[in-house]
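Protein chains in written order, with the numbering used here: chain A, 1 to 114; chain B, 1 to 114.
If you are wondering where the hints come from, they were derived from the structure by calculation, not from laboratory data.
Errors might be hidden in some of the hints.
[Stated by the list, open to error] Dumping the calculated DSSO-like pairs for lysine-lysine here, alpha-carbon to alpha-carbon at most 27 Å:
(1) B:K57 - B:K17
(2) B:K57 - A:K49
(3) B:K57 - A:K106
(4) A:K56 - A:K106
The residues making up each chain are set out below.
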Amino acid sequence: GDSVTQMEGPVTLSEEAFLTINCTYTATGYPSLFWYVQYPGEGLQLLLKATKADDKGSNKGFEATYRKETTSFHLEKGSVQVSDSAVYFCALRAYTGANSKLTFGKGITLSVRP
Amino acid sequence: GAGVSQSPSNKVTEKGKDVELRCDPISGHTALYWYRQSLGQGLEFLIYFQGNSAPDKSGLPSDRFSAERTGGSVSTLTIQRTQQEDSAVYLCASSWTSVSNEQFFGPGTRLTVL
């Protein structure tokens, strides 16, 4: 079945540090890939997405590139801020015609200190 | 317009009691999803509605769990004879159609079974 694997957390960084959060997936066919973010006390929000190989999703300074050859969708940001502290979830959607449910990774907590 | 809303935001119940969780999707969204977020299991898909029908119930963990959707809008997730392992945050999401790439999430209902 479909699955998403995220690197273990939590991650603690200093402000302005470089961020990489690894995500790899297993799916049949060509899924769409997503990063969702959950800020403290808030609901899940879509951060960025990519729908086909070599697409790059970007938003709020975050980027992720859909790599079919390595089945990966790693999240990066060049300079993190305290406000980026949140839980980050990698997800895939493998549309089968009957359902387009999201399959999530376990999430990783990012804490950014001033 | 309003986002996805869920009620109650918190529910504490005793083991063995039944609970109902409500989801109001974004107006016009035909697809509706229920997910569960728990410490041990991460984010798991429960059930998907297209209109009022549920073509995929594969994520419901037991026959104690059921859900319905009426008028192509509001959905109710019912858990009968609650158990402590049902304690989790129950998330609802909606999207324009089942092939839409973005699912919009509600704030969730935190269920605690004592």
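Results of checking the hints against the structure:
no.: 1; hint: B:K57 - B:K17; verdict: holds, 22 Å
no.: 2; hint: B:K57 - A:K49; verdict: holds, 26 Å
no.: 3; hint: B:K57 - A:K106; verdict: holds, 21 Å
no.: 4; hint: A:K56 - A:K106; verdict: holds, 22 Å
Checked against the numbered hints given earlier, the structure satisfies every one of them.
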